[in-house]
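*Asks:* For reference, the chains in residue letters:
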Amino acid sequence: NAGVIQTPRHKVTGKGQEATLWCEPISGHSAVFWYRQTIVQGLEFLTYFRNQAPIDDSGMPKERFSAQMPNQSHSTLKIQSTQPQDSAVYLCASSLAGNTLYFGEGSRLIVV
Amino acid sequence: GQQVQQSPASLVLQEGENAELQCNFSSTATQLQWFYQRPGGSLVSLLYNPSGTKHTGRLTSTTVTKERRSSLHISSSQITDSGTYFCAMEPDYGNEKITFGAGTKLTIKP
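Sequence order for the protein chains is P and G. Just so you know, we're using our numbering here: the first sequence kicks off at 15 and counts up by one. Just so you know, we're using our numbering here: the second sequence kicks off at 210 and counts up by one.
Calculated directly from the structure, the hints in this document are not laboratory data. Treat the hints with care, since some could be wrong.
Stretches of chain P that chain G covers, calculated by requiring three or more beta carbons in the stretch to come under 8 Å of a beta carbon on chain G [to be verified]:
1. 51-62
2. 118-125
From chain G, some residues computed to sit far from chain P (all C-beta separations above 12 Å) [what the hints assert, rightly or not]:
3. Ser-216
4. Leu-220
5. Gln-223
6. Thr-237
7. Gln-240
8. Ser-251
9. Gly-266
10. Thr-293
11. Ala-297
The beta carbon of each residue, even a glycine, is placed where N, CA and C say it ideally should be.
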């Protein structure tokens, strides 16, 4: 069991460019969550999928953020026209229904 | 939306002392978890405890669901326990959205 895998671990992007973050959940887990962590805001819920279907994206900044889960083995978080305030650690987690949440190591995004 | 409040925000103890961390949440929870994060590290699940008392090693968590609170007790603290502890809850009204508290930063001094 390799755990939740996130790539890239670090990404530096210029303001206005696009950033795509990848997450491979633990095999067999039915739920995938995305969170964003900053010192100021703490851990913010972004969105989650159950059995690949988007269930709740209430935490997503609507205009530039999008998330997909095209198959059970990976999910992507895409940020268009990145802004400095998007700089954060983006965390992906997976779980079985109603069970412990397992986090990946995170993707640190820096927008310059 | 649901809210999770943790206290204290920070705690400094001497090695060997016991730590008591508190978590209060705004709605009844079907899921309550405690996580640990070392600076620069990822979140590691410590205990999954939606109700009652659970132990693992030097950690004890007690969740009183109807009072919407949970605690994490760390006995005989060690320097390596230093880090931030988060409480996270999933409400029981059908939405699986898991909300985190702001964390308690624990520093253990030699």
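*Asks:* Now tell me, hint by hint, if it's right for this structure.
*Replies:* Hint check results:
1. Given a C-beta distance limit of less than 8 Å, the hint that chain G covers the stretch 51-62 of chain P holds, as 4 residues qualify and 3 suffice.
2. Note: the stretch 118-125 of chain P has 3 residues with beta-carbon separation from chain G under 8 Å; the three-residue rule is met and the coverage holds.
3. The non-interface label for Ser-216(G) is consistent with chain P: the shortest C-beta to C-beta separation is roughly 14 Å, beyond 12 Å.
4. For Leu-220(G), the shortest C-beta to C-beta distance to chain P comes to about 17 Å, beyond the 12 Å cut-off, and the non-interface label holds.
5. Its beta-carbon lying about 27 Å from the closest one in chain P, Gln-223(G) satisfies the requirement of being farther than 12 Å from that chain.
6. Every C-beta of chain P lies more than 12 Å from that of Thr-237(G), the closest at about 14 Å, which supports listing it as non-interface.
7. The beta carbon of Gln-240(G) is not kept farther than 12 Å from every beta carbon of chain P, the shortest such distance being approximately 6 Å.
8. The Cβ of Ser-251(G) does not lie farther than 12 Å from every Cβ of chain P; its closest approach is about 5 Å, which violates its non-interface assignment.
9. Remark: the non-interface label on Gly-266(G) is consistent with the geometry, its nearest Cβ contact in chain P lying 16 Å away (cut-off 12 Å).
10. Against the 12 Å criterion, Thr-293(G) falls within the reach of chain P, whose nearest CB is about 10 Å from its own CB.
11. With a least beta-carbon separation of about 7 Å from chain P, Ala-297(G) fails to lie farther than 12 Å from that chain, contradicting its non-interface assignment.
Hint check: violations occur at hints 7, 8, 10 and 11; the rest are consistent with the structure.
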